[in-house]
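> Build out the structure end to end from the sequences listed, making use of the hints.
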Amino acid sequence: MAESKTPLLDELETGKWPSFVKEMKQAAEKNPMARDLLDQLELSYKDKIGHWKHGGIVGVKGYGSGVIGRYSDRPDLFPNVQAFHTLRVNHPTGWFYKTDALRNLCDVWDKHGSGLTNMHGSTGDAILLGTRTEHLQSCFDDLSDAGFDLGGSGSALRTPSACVGPGRCEWACIDSLDVCYNITMSYQDKIHRPMFPYKFKIKVAACSNDCVASIARSDLSIIGTWKGDIQIDQNEVLAYAPTIDIQKEVCDLCPTRCMEWNGKELKIYNEDCNRCMHCINLMPKALRPGKEKGATILIGGKAPILQGALLSWVIVPFMKLEPPYTELKDLIERIQDWWDENAKSRERLGELIKRLGMRVFLRAVGLPAVPQMVKAPRTNPYVFFWPEEIKKEVK
Amino acid sequence: MAESKTPLLDELETGKWPSFVKEMKQAAEKNPMARDLLDQLELSYKDKIGHWKHGGIVGVKGYGSGVIGRYSDRPDLFPNVQAFHTLRVNHPTGWFYKTDALRNLCDVWDKHGSGLTNMHGSTGDAILLGTRTEHLQSCFDDLSDAGFDLGGSGSALRTPSACVGPGRCEWACIDSLDVCYNITMSYQDKIHRPMFPYKFKIKVAACSNDCVASIARSDLSIIGTWKGDIQIDQNEVLAYAPTIDIQKEVCDLCPTRCMEWNGKELKIYNEDCNRCMHCINLMPKALRPGKEKGATILIGGKAPILQGALLSWVIVPFMKLEPPYTELKDLIERIQDWWDENAKSRERLGELIKRLGMRVFLRAVGLPAVPQMVKAPRTNPYVFFWPEEIKKEVK
Amino acid sequence: MAKTDIGPPDYKTMLPPVIQRNYGKWRYHEILKPGVLMHIAESGEALYTIRAGSPRLISTDHIREICDMADKYCDGYLRFTSRHNIEFLLDDKDKVEPLIAELATRNYPVGGTGHAISNIVHTQGWVHCHTPATDASGPVKALMDEIYDYFVTATLPNHVRIALACCLNMCGAVHCSDIAILGIHRTVPIPDNARVPNVCEIPSTVASCPTGAIRGDMKNKTVTVNPEKCMYCGNCYTVCPAMPIADPENDGISIWVGGKVSNARSAPKFSKLAIPFLPNNPPRWPEVVDAVKNIIEVYANHARKHERVGEWIERVGWERFFTLTGIPFTDKHIDDFDMATETFRTSTQFKWG
Amino acid sequence: MAKTDIGPPDYKTMLPPVIQRNYGKWRYHEILKPGVLMHIAESGEALYTIRAGSPRLISTDHIREICDMADKYCDGYLRFTSRHNIEFLLDDKDKVEPLIAELATRNYPVGGTGHAISNIVHTQGWVHCHTPATDASGPVKALMDEIYDYFVTATLPNHVRIALACCLNMCGAVHCSDIAILGIHRTVPIPDNARVPNVCEIPSTVASCPTGAIRGDMKNKTVTVNPEKCMYCGNCYTVCPAMPIADPENDGISIWVGGKVSNARSAPKFSKLAIPFLPNNPPRWPEVVDAVKNIIEVYANHARKHERVGEWIERVGWERFFTLTGIPFTDKHIDDFDMATETFRTSTQFKWG
Ligand code: SRM
Ligand code: SRM
Ligand code: SRM
Ligand code: SRM
Ligand code: SF4
Ligand code: SF4
Ligand code: SF4
Ligand code: SF4
Ligand code: SF4
Ligand code: SF4
Ligand code: SF4
Ligand code: SF4
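Residue numbers (our numbering), protein chains in the order written: chain A, 1 to 395; chain B, 1001 to 1395; chain C, 2001 to 2353; chain D, 3001 to 3353.
It is worth saying that the hints were derived from the structure and are not from the lab.
Where a beta carbon is used, it is the ideal one built from N, C-alpha and C, also for glycine.
Be aware that one or more of the hints could be misleading.
[As the list claims (entries may be wrong)] With a straight-line cut-off of 30 Å between C-alpha atoms, the simulated DSS-like cross-links for lysine-lysine are:
(1) LYS1344(B) to LYS2221(C)
(2) LYS1391(B) to LYS3293(D)
(3) LYS1022(B) to LYS2012(C)
(4) LYS264(A) to LYS1248(B)
(5) LYS16(A) to LYS3095(D)
(6) LYS3025(D) to LYS329(A)
(7) LYS2229(C) to LYS392(A)
(8) LYS3003(D) to LYS111(A)
(9) LYS2305(C) to LYS267(A)
(10) LYS293(A) to LYS3012(D)
(11) LYS111(A) to LYS3072(D)
(12) LYS1016(B) to LYS2072(C)
(13) LYS1344(B) to LYS2025(C)
(14) LYS1046(B) to LYS2293(C)
(15) LYS53(A) to LYS3221(D)
(16) LYS2025(C) to LYS1293(B)
(17) LYS3293(D) to LYS285(A)
(18) LYS46(A) to LYS1391(B)
(19) LYS2229(C) to LYS3025(D)
(20) LYS199(A) to LYS3221(D)
(21) LYS2012(C) to LYS1016(B)
(22) LYS2305(C) to LYS1285(B)
(23) LYS344(A) to LYS3221(D)
(24) LYS3293(D) to LYS46(A)
(25) LYS53(A) to LYS1264(B)
(26) LYS391(A) to LYS1293(B)
(27) LYS46(A) to LYS1190(B)
(28) LYS227(A) to LYS3305(D)
(29) LYS61(A) to LYS3221(D)
(30) LYS1046(B) to LYS392(A)
(31) LYS3305(D) to LYS1267(B)
(32) LYS3229(D) to LYS1391(B)
(33) LYS2095(C) to LYS1264(B)
(34) LYS2012(C) to LYS1190(B)
(35) LYS2293(C) to LYS1016(B)
(36) LYS2293(C) to LYS391(A)
(37) LYS1025(B) to LYS2293(C)
[What the hints assert, rightly or not] Incomplete in silico selection of chain D near chain A, CB under 7 Å:
(38) ALA3002
(39) GLY3007
(40) HIS3062
Have a look at this one:
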């Protein structure tokens, strides 16, 4: 047997966890792009450095986004990945697939690209990993015929994503899938034709467990919640008692300590509950969210570049969410308009608000200040007053 | 009876709380400066505005600090307060007085000033409230003869102050009075001759109850603490049980929840205790600080101007404090030297560290980084490495 | 010429003999009743402290009156506290009640210990400073008159520390008080272009502004203020006297709550904005007095034993605080200075009110 | 020409019939065993989910293999999770075990549910990106091989979410993970003065630097970097390709801990720095794998049931975390970016270690 060209990567074929190297080798068997990708990666493992150049601008007709350009810095050694662009394909909301749809996707990709994918990218797209410039348009055409479209990239609305929500989860307070799909369909233009100051991400979680990490990873987070009392089935509470130490595991870990358990009955002081989900998580048969359901809207979340990471901030404590989601979409548009008008290039929404002040933002988009927006009021005395609050100057 | 010249202030002579207006009137009876002060204050009450001009630079021979210059903006109406400067007199540490000393102070002040004082100013000085420029030197001379000296003002070390500590308090972990007095005497020059970038305040509290608010109000806070186990007298614990609900009032309020009470014995998991003082405060007969005593040193506290208020930060978790306090004073001097060399004009120590980074400060003053310095490690990935930590650049 | 740098009198010479004998050897204390502390030393000796309220701004005659009483009951020893109360120090138990009786005849309030409201730390105000946005002694007197009972009793959940500062310099160090009363300006300083060139240094004036609202106008040797960026802190006026900021109609008082200094139970914390603005209404500042009283009453009725104001609010939530006190929440409560984002709610955990 | 803006396929057409029938009407769920969820609808119908691990970087043939199984056992329905696992969706209980058996023969790990370690969210690394300081798929594979048992069981105090991002852009959004693995550069980018004038816009390059380390050099139409101010974030390189920052000897990995996203019990929190630097040591990054395993083991041994990593650390204190893990604390752990002072300890409340 010939000596392996990829001795370092070969070591990652062993071990119990599924191996991406096996995947690459599988693809490499029939695809020269995949073969060169594997070999270039081996070189990176040897050199401890990436071998890609800064991406150039490539794309498909009519779109400004959806493709990430990429070129090898060693085309001499790896000519098949000289150009190796990825396509971001918008996933069906909730990442649900029928196998026929998936197979179609695979066929298109074997025809046009490396045969390698990421299922999925961390924004949520199905990532088709690498093809030549000249394949981009035809690949897109075939994707479109197969019923797929590209996701966002660049200074655009990025592919929104949602937790599985009502598709499978008993805790869904909103229809995360429908909201996400509705937004996705309503804003196709914003996804495909970058016209914002920078990227804009939306994620929808149907309860505050936030299984789609929306609070950390989106400029606009929509998270399901409820008003009113947690619904209790006392018999089911009792049924959990043999397996769960209700006092210790439930009551003592309730962040607001608003629960009392006497061995027979569970009492919740609902006015103190902050709807953290913990008790419900532990006893799904016994406890259910309150009956009046809606969403908390938060904005500003993002990764650390430029000014440090931000978690999203509450701007609407409670909004009913029912199709056609007019109130939500009006708000999104007011927010994006204001951001668009005021942001510098490459300034995310959260950074803009940080720069101009929540006060200015709230007034601009017409939202009232409420205490739910803050952990605590300001500590510094650097308070601005609006001109109309001041008596005509007399000094 | 003639109509009062001070109808507004007169209203503050009534009511149960002792009246400063009565005090002013009492002084006004024999002192024209006090009389004009009263009348000018009445005008302020009428106009809702102060009537003092920005202070000028006045002082006594050889000193740059200790006097706050002040001039009326209506010398036409109130000629006796045309110039009305206050002297800041360094209080005996702990604000202890023998009456003879106090009487001497009063005599000097009746001779030279308005006869009005603040006992004390919020930095801790005995404030002699207002005299004419020409009285300053003679007043100082008489004060000096009476055994008093001026406190700090301007860009100087300010009058250090201390809680009553071992003078009366069973919880004193350090000799706050002696430390404070020692510092005061050692640094007379720094107090009287402003040569810093800005003010520098030191306050000493002998335990973490911090009865002198050092953590909020001083650039350098010295706060007593201990190592080792809280000393428990179980009989005295039992004796408190009828009057204090030990479970609820003590154990449940312990911030680290490191206490257990079974109705008979109190158990403290001392390795988890953060020495907050709460349990000791509630049961002084039963609980006492551990035996190994010392101080935590914190720096940077200040009011909001310029960049927002700061509470002091831990820089030395534990330092033994025994006369002549060499380790402490060496540290203070290293800190002040570094500040002096690096600060802009009017930049407090905390602001300088904020600007240059704790990392740079620690290295400059030779302190090791320890986890006690932070609530939590950094969340942003903007980490600097020192040149010696980097392999010779190879790119 | 007088001696310089002699420093303050040695405190050791000011300590009553009972303290000298038991210095650093105290065993425990009890609060015998409001304003009366008993400290027992390891030796068994007792020190009695009678704490009396003071307006802080006092005349020499008043000090002499205090001295008279200290001579009569305390062998001439007394002290002041870090909150400006007077403490009479006795070792003779039999003199405690007579002293209290004499203090009563002279209208000295005795109290301020334990779960009480002690003296209000405060500042100069219109009495002696050049930057105040309100008076200090006046609002303090008006308020203490109304909450006097909380000084002479100890009925609150924990002690309540109130402080007042007449401008943002915060000489009263109000920033960590249970309840803080802070004088604020609300209009932009107006540079006096005639005087600026003579009395001010342009670069330091520009640098004095926390929000970068001041620009140098080198041609005219003066400065200009951007009214959009100015939040009326007055720091430019401290640095440059030719930029007056006081404005009788718009100056006033803001109220802050929930700060603390001690490390007991919870860590020290800053006070947070409760009421952005109340008017200056001398001589008794009724709006301010009412607002503070309301906060105290709501705290007294809702906090648990030993909870400081800030600890209570953090347990029930700021949403609840605004509901319970009836104080309106406004956009001014939301921080917009440099670390504002740290105060924004980054969680779906909140209460409805 | 192909249709544009058709959007993704309608998810409703992808839902298995049992979901269509019970959409939004689920009553409760149980984890039958690691990797196997049973959701019961109000109608009484059951949905079974078998969760299988995936390397995420997969070939079309692999996808077809998954489809084959989904066709065989699930009527052709499956989904992927937000952490890139594969979920087979069944309504026929009898097919659950056969599917699991087939997955086993094909070496698909089944697990990742409940108090387990699920898949590692990660990024492109050397496979496809231009700014990585490390690889993504390699360290993930190396680590998952070693902590495999935590995927296929559920024995931890709570679930542990691990994420990896190969540069500070943090596409893996690692900033709120129980354990975050983050590629970092450690040397200053070197502007290629020949290329900068052609490929970079000077003002946006200058603006790209979070710490203001970059100055425009207008004369030479290039930029200079102040090495004292640069903390190697690489953002300038993102904006200006002529400022390469990668450095094989000094690039590597930092480890962050204690973040979370859910609002359960405690609010979402950022991960905090645990280990500032570990070397890139392909193909198996042993230092990184060991460091992460150590943290997991210490957590597993010390945390209480239901405590996430960050909740455990906050209860015992960061002092204790460093003691227990044996990780050295350095000046790099102390924040020195713009809101650093918020992280400094402003209290005497701390533990000795
Ligand atoms: C493919 C993907 C990583 C992956 O392997 O999954 C990715 C890859 C890149 N991201 Fe990302 N980001 C991806 C999700 C994210 C996320 C996670 C998320 O969306 O939930 C984040 C953090 C959340 C956020 O947006 O704040 C993220 C934060 C960034 C940033 C920093 C943005 C910021 O404001 O902090 C950059 C830098 C930039 O935009 O120039 C960036 C830039 C990039 C670029 C385009 C590199 C660049 O500088 O131009 C990468 C292209 C890699 C390549 O060659 O394919 N990527 N990026 C993810 C998108 C796949 C998808 O569409 O599903
Ligand atoms: C399938 C998935 C949603 C999706 O649309 O894809 C999902 C599904 C469920 N999550 Fe989740 N979560 C999923 C990602 C998340 C995430 C996001 C992430 O990991 O990036 C989070 C936030 C993580 C964080 O806080 O850092 C998340 C935090 C939770 C929690 C809160 C746990 C906690 O104590 O903090 C629960 C409640 C619980 O487990 O008791 C939960 C509970 C659940 C339940 C039990 C909900 C239900 O009744 O169906 C589901 C099965 C959980 C399980 O795996 O044991 N899910 N869940 C995601 C599976 C990812 C995976 O492959 O492992
Ligand atoms: C007299 C006193 C208030 C009082 O009535 O008790 C006082 C009065 C003044 N302070 Fe103060 N400060 C006084 C304690 C404080 C404190 C409290 C403390 O020391 O514990 C603080 C807050 C703590 C701190 O230093 O951060 C304080 C923070 C300021 C500041 C803001 C400094 C800062 O860096 O934030 C200024 C402004 C300045 O320095 O220009 C200031 C400035 C002033 C000036 C000198 C006005 C000025 O701008 O020049 C005031 C003179 C008033 C007058 O006419 O007499 N004063 N000042 C206190 C000193 C008496 C004494 O020596 O005992
Ligand atoms: C006399 C004085 C020290 C001095 O050197 O002057 C003092 C004396 C005592 N303090 Fe204090 N504290 C004094 C100012 C303070 C301050 C500073 C301040 O108010 O500006 C604080 C921090 C306030 C804060 O946290 O905002 C302070 C926080 C405490 C605490 C912590 C209370 C808490 O639960 O937060 C205790 C413990 C207690 O009361 O149980 C305490 C306890 C004590 C004890 C019981 C100590 C002892 O055993 O002697 C003393 C009698 C307390 C009482 O009044 O009930 N002392 N004490 C100060 C009296 C001021 C006054 O006239 O009212
Ligand atoms: S976020 Fe809530 S509703 Fe959505 S899948 Fe997770 S637990 Fe279910
Ligand atoms: S949801 Fe959270 S806060 Fe509400 S009762 Fe349950 S555990 Fe407590
Ligand atoms: S700080 Fe501590 S030692 Fe000093 S007086 Fe207060 S309680 Fe006593
Ligand atoms: S000092 Fe504080 S932390 Fe320590 S045991 Fe007592 S109450 Fe608990
Ligand atoms: S707070 Fe302001 S106005 Fe009041 S004394 Fe201090 S500097 Fe003067
Ligand atoms: S008042 Fe304050 S904010 Fe306004 S210009 Fe002056 S320094 Fe700047
Ligand atoms: S984290 Fe950085 S290196 Fe990794 S894919 Fe994202 S941009 Fe590229
Ligand atoms: S790497 Fe980051 S810190 Fe360094 S110069 Fe570039 S942008 Fe600035």
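> Look at each hint and say if it fits the structure.
Consistency of the hints with the structure:
As the CA atoms of LYS1344(B) and LYS2221(C) are separated by approximately 23 Å, the hinted pair is consistent with the 30 Å bound. With a C-alpha separation of about 27 Å, the suggested pair LYS1391(B) and LYS3293(D) falls inside the 30 Å cut-off, and the hint holds. A hinted pair counts as satisfied when its Cα atoms are at most 30 Å apart, and LYS1022(B) with LYS2012(C) does not qualify at roughly 34 Å. For the suggested pair LYS264(A) and LYS1248(B), the alpha carbons sit about 23 Å apart, so the restraint of at most 30 Å is met.
For the hint linking LYS16(A) to LYS3095(D), the alpha-carbon distance of about 25 Å falls within 30 Å, and the restraint holds. For the hint linking LYS3025(D) to LYS329(A), the alpha-carbon distance of about 26 Å falls within 30 Å, and the restraint holds. Restraint check for LYS2229(C) and LYS392(A): the C-alpha separation of about 19 Å stays at or below 30 Å, so the hint holds. Pair hint LYS3003(D) plus LYS111(A) holds up; C-alpha atoms about 19 Å apart against a cutoff of 30 Å.
Of the supplied pair hints, the one linking LYS2305(C) and LYS267(A) holds, its CA atoms being roughly 23 Å apart against a limit of 30 Å. Taking the CA atoms of LYS293(A) and LYS3012(D), the gap is about 22 Å. The hint holds against a cut of 30 Å. Distance check on the hinted pair: LYS111(A) and LYS3072(D) sit about 26 Å apart at the alpha-carbon level, within 30 Å; holds. A threshold of 30 Å between alpha carbons decides the hint, and for LYS1016(B) with LYS2072(C) the separation of about 25 Å falls inside it, so the pair holds.
The suggested pairing of LYS1344(B) with LYS2025(C) is violated, with an alpha-carbon distance near 45 Å, which exceeds 30 Å. Taking the CA atoms of LYS1046(B) and LYS2293(C), the gap is about 25 Å. The hint holds against a cut of 30 Å. For a cut-off of 30 Å, the pair hint linking LYS53(A) to LYS3221(D) stands: about 22 Å separates their Cα positions. Using a Cα cut-off of 30 Å, the hinted pair LYS2025(C) and LYS1293(B) holds, with the two alpha carbons roughly 14 Å apart.
Between the alpha carbons of LYS3293(D) and LYS285(A) the distance comes to roughly 35 Å, so the proposed pair goes past 30 Å and is violated. For a cut-off of 30 Å, the pair hint linking LYS46(A) to LYS1391(B) stands: about 18 Å separates their Cα positions. Between LYS2229(C) and LYS3025(D), the direct Cα distance comes to roughly 53 Å. Violation of the 30 Å bound is thereby established for this hinted pair. Distance hint between LYS199(A) and LYS3221(D) is fulfilled; the C-alpha atoms sit about 29 Å from each other, no more than 30 Å.
Under the criterion of a C-alpha separation no larger than 30 Å, the hint pairing LYS2012(C) with LYS1016(B) is inconsistent with the structure, at around 35 Å. This hinted pair checks out: LYS2305(C) and LYS1285(B) have alpha carbons roughly 20 Å apart, not beyond 30 Å. Restraint check for LYS344(A) and LYS3221(D): satisfied, since their Cα atoms lie roughly 23 Å apart, inside the 30 Å limit. Annotation: proposed proximity of LYS3293(D) to LYS46(A) holds, straight-line Cα distance about 25 Å (limit 30 Å).
Between the alpha carbons of LYS53(A) and LYS1264(B) the distance comes to roughly 73 Å, so the proposed pair goes past 30 Å and is violated. Proposed proximity of LYS391(A) and LYS1293(B) is contradicted: the alpha carbons are some 57 Å apart, above 30 Å. The straight-line distance between the Cα atoms of LYS46(A) and LYS1190(B) is roughly 61 Å, outside the 30 Å bound, and the hint therefore fails. This hinted pair checks out: LYS227(A) and LYS3305(D) have alpha carbons roughly 29 Å apart, not beyond 30 Å.
This hinted pair does not check out: LYS61(A) and LYS3221(D) have alpha carbons roughly 34 Å apart, beyond 30 Å. Proximity of LYS1046(B) to LYS392(A) is assessed by CA-CA distance (about 19 Å); at most 30 Å being required, the pair is judged to hold. For the proposed pair LYS3305(D) and LYS1267(B), the alpha carbon gap of about 23 Å is at most 30 Å, so the pair holds. Distance hint between LYS3229(D) and LYS1391(B) is fulfilled; the C-alpha atoms sit about 19 Å from each other, no more than 30 Å.
A distance of roughly 39 Å separates the Cα atoms of LYS2095(C) and LYS1264(B); the hinted pair therefore is violated under the 30 Å criterion. Under the criterion of a C-alpha separation no larger than 30 Å, the hint pairing LYS2012(C) with LYS1190(B) is consistent with the structure, at around 23 Å. Our distance criterion of 30 Å between C-alpha atoms is met by LYS2293(C) and LYS1016(B), whose separation comes to about 16 Å. With a CA separation close to 27 Å, the supplied pair LYS2293(C) and LYS391(A) stays within the 30 Å bound.
Distance check on the hinted pair: LYS1025(B) and LYS2293(C) sit about 29 Å apart at the alpha-carbon level, within 30 Å; holds. Checking ALA3002(D) against chain A: minimum C-beta separation of about 4 Å stays under 7 Å; hint holds. Proximity of GLY3007(D) to chain A holds as hinted, the smallest CB-CB distance being about 5 Å (cut-off 7 Å). With a least beta-carbon distance of about 6 Å to chain A, the hint placing HIS3062(D) at the interface is held under the 7 Å criterion.
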